[in-house]
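The chain contents come next:
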Amino acid sequence: MSLLWPTRIGRLAPQFLGSAGLLVLWMGALATPAVAQTSEEPAVTIGMTNTLSFTKDTVRVEVGETVRWENSSVIVHTVTADSEEATMEESMRLPEGAAPFHSGNLAPDETFEYTFETPGRYRYFCVPHEAAMRATVIVEPAGKG
Amino acid sequence: MIRTSLPTRFLPFFSNASQRNEGRRLRTGLLVVAAAVLAVLLANTTQAQDKNMKKMLMQLQEMNQADGYLEAHRDVENPPELLGGPLSFAVEQNSGGVLVGLPDQRELDSDVFGTPEMPLAFTGTPGVTGVPVPFREVENGQFTQLDRPTPFGNKSTAMPSGSMMLKAQDVTATDAATTEDQVKFKASWEDKQGNTYAVRCCEMLSAAGPEFPTFGGVVTNHLLHGFSGVGTPLMPTEYTYAAFWGMGAVLKNGEVVDKPRVVHGMLTEYVRTEGYELASDSEVTPTRKHFHLMVAPFMPVKGEHKFEHNNVSTGFQLPNGKELPFWHVMFENLNIESQRGE
Chain A
3 MSLLWPTRIG
13 RLAPQFLGSA
23 GLLVLWMGAL
33 ATPAVAQTSE
43 EPAVTIGMTN
53 TLSFTKDTVR
63 VEVGETVRWE
73 NSSVIVHTVT
83 ADSEEATMEE
93 SMRLPEGAAP
103 FHSGNLAPDE
113 TFEYTFETPG
123 RYRYFCVPHE
133 AAMRATVIVE
143 PAGKG
Chain B
6 MIRTSLPTRF
16 LPFFSNASQR
26 NEGRRLRTGL
36 LVVAAAVLAV
46 LLANTTQAQD
56 KNMKKMLMQL
66 QEMNQADGYL
76 EAHRDVENPP
86 ELLGGPLSFA
96 VEQNSGGVLV
106 GLPDQRELDS
116 DVFGTPEMPL
126 AFTGTPGVTG
136 VPVPFREVEN
146 GQFTQLDRPT
156 PFGNKSTAMP
166 SGSMMLKAQD
176 VTATDAATTE
186 DQVKFKASWE
196 DKQGNTYAVR
206 CCEMLSAAGP
216 EFPTFGGVVT
226 NHLLHGFSGV
236 GTPLMPTEYT
246 YAAFWGMGAV
256 LKNGEVVDKP
266 RVVHGMLTEY
276 VRTEGYELAS
286 DSEVTPTRKH
296 FHLMVAPFMP
306 VKGEHKFEHN
316 NVSTGFQLPN
326 GKELPFWHVM
336 FENLNIESQR
346 GE
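Note that the protein sequences, when read in sequence, are chains A and B.
Residue 76 in this note's numbering is what sits at position 74 of the first sequence, and the numbering runs on without skipping anything.
Residue 315 in this note's numbering is what sits at position 310 of the second sequence, and the numbering runs on without skipping anything.
Hints in this document: simulated from the structure, not taken from any laboratory.
Check the hints yourself; a few may be wrong.
[Stated by the list, open to error] Straight line, CA to CA, 27 Å or less: simulated BS3-like cross-link-like pairs of lysine-lysine:
#1 B:Lys-189 <-> A:Lys-58
#2 B:Lys-160 <-> B:Lys-327
#3 B:Lys-327 <-> B:Lys-257
#4 B:Lys-294 <-> B:Lys-160
#5 B:Lys-197 <-> A:Lys-58
#6 B:Lys-294 <-> B:Lys-189
#7 A:Lys-58 <-> B:Lys-160
#8 B:Lys-257 <-> B:Lys-189
#9 B:Lys-191 <-> B:Lys-160
Since this is a predicted model, take the numbers as computed values, not measurements.
Given the sequences, and given the hints that come with them, work out the whole structure.
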């Protein structure tokens with residue numbers, strides 16, 4: 003089973019949580035894998051639709067910025083860039099050195115956020131709809147915009 | 006062509022008012038007679054066309070290619086077991102939505118339907134095992150799409166609160182008079198107004214298919230649809246991990262609205278593409294799975310080995326005010342388990 007964990011929380015958690023707190027938070031992440039975890043406003047919000055698509059095919063953000071995905075459909079979706087979850091080579095691509103991410107199942111109205119720390123082009127997909135539902139995030143160096 | 010006035014060569018005969026009135030009456034009379042004759046001719050032509058079409062459809066049903074195979078199997082009292090022994094499996098969707106197929110004209114794949122010069126897949130009951138050539142639209146020497154809507158197309162709508170549970174055993178290998186296959190199936194979903202729709206199965210399994218093999222009611226690890234000859238060619242040829250056919254019930258808000266109905270479910274490789282369009286054979290995604298529920302607008306004809314058209318009472322109203330005459334529902338957020346043995 004892959005860890006259902008937004009990168010930002012994975013990076014910050016040891017700074018303010020003891021091991022017990024970590025365990026509780028980790029279990030909580032398993033039970034509700036797709037709750038917004040950041041205090042910053044996301045740079046971009048992307049919807050996930052009943053017609054099996056992400057509402058923005060390609061978005062551009064800067065390093066350190068957060069993207070939020072909202073499941074605005076009645077269908078379960080995921081936001082995934084993890085080779086362990088992909089069955090088709092063209093479904094995903096990560097920049098060199100970038101960590102994989104996977105939201106887990108997002109029920110209707112649930113959200114998922116991910117903060118991008120490595121520049122480059124991220125191709126991601128929805129696990130149950132891998133054949134049809136893919137999109138791209140392009141991460142540029144900070145300060146470029 | 007119908008003329009709306011008499012030719013000018015008649016006019017000199019009606020020179021005064023009385024004669025003009027007579028002329029008008031005569032013209033009116035002639036027009037009425039002409040219209041009546043035309044109507045009779047058209048009706049006769051339409052009747053003749055209908056008669057020819059019915060005759061052709063009956064011939065196509067009689068030409069069903071699976072008849073010989075089914076004849077050899079349907080009376081077998083002790084059918085063989087599956088090679089390697091029984092296979093048990095469970096497929097579940099606990100929550101989330103479903104995608105419901107709506108009536109649409111299916112694009113025709115030349116790999117399945119051939120060409121106008123060399124057509125394929127045209128015998129059997131239209132829509133069940135074949136598609137008559139006159140029902141196919143042609144452009145630039147190729148079949149393009151069906152000329153009428155069916156449950157198999159690109160149109161769909163998402164509906165919330167979908168769940169399904171299938172527990173089954175594939176024991177009997179072939180079509181036969183009896184079966185040891187077993188199926189417990191229930192599925193439900195809702196519309197925007199909060200109405201709940203459900204399908205349950207199976208009070209009886211299709212031990213032998215009327216028009217195509219059903220392998221005792223449950224089949225595992227087999228090709229279905231498309232060019233396979235098992236089920237409608239309007240679905241693409243798809244590797245099917247498990248499928249069943251049986252008699253079940255259709256419910257709305259907990260009340261049975263149609264029973265008995267032929268219920269067909271199958272766990273297959275993924276046969277939808279971008280925009281949730283129904284794939285052609287070359288567009289199928291072998292590495293993903295989804296589950297299809299079909300309550301088709303057909304029923305077997307009692308005492309005969311064929312189907313006839315029969316709309317399902319679903320209770321679900323389409324935007325045009327008509328009732329959706331079938332259920333074609335896809336579940337895509339699945340938990341799947343299987344094991345050898347009962």
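Hints, verified against the model:
{"no.": "1", "hint": "B:Lys-189 <-> A:Lys-58", "verdict": "41 Å, violated"}
{"no.": "2", "hint": "B:Lys-160 <-> B:Lys-327", "verdict": "16 Å, holds"}
{"no.": "3", "hint": "B:Lys-327 <-> B:Lys-257", "verdict": "16 Å, holds"}
{"no.": "4", "hint": "B:Lys-294 <-> B:Lys-160", "verdict": "20 Å, holds"}
{"no.": "5", "hint": "B:Lys-197 <-> A:Lys-58", "verdict": "26 Å, holds"}
{"no.": "6", "hint": "B:Lys-294 <-> B:Lys-189", "verdict": "20 Å, holds"}
{"no.": "7", "hint": "A:Lys-58 <-> B:Lys-160", "verdict": "22 Å, holds"}
{"no.": "8", "hint": "B:Lys-257 <-> B:Lys-189", "verdict": "19 Å, holds"}
{"no.": "9", "hint": "B:Lys-191 <-> B:Lys-160", "verdict": "24 Å, holds"}
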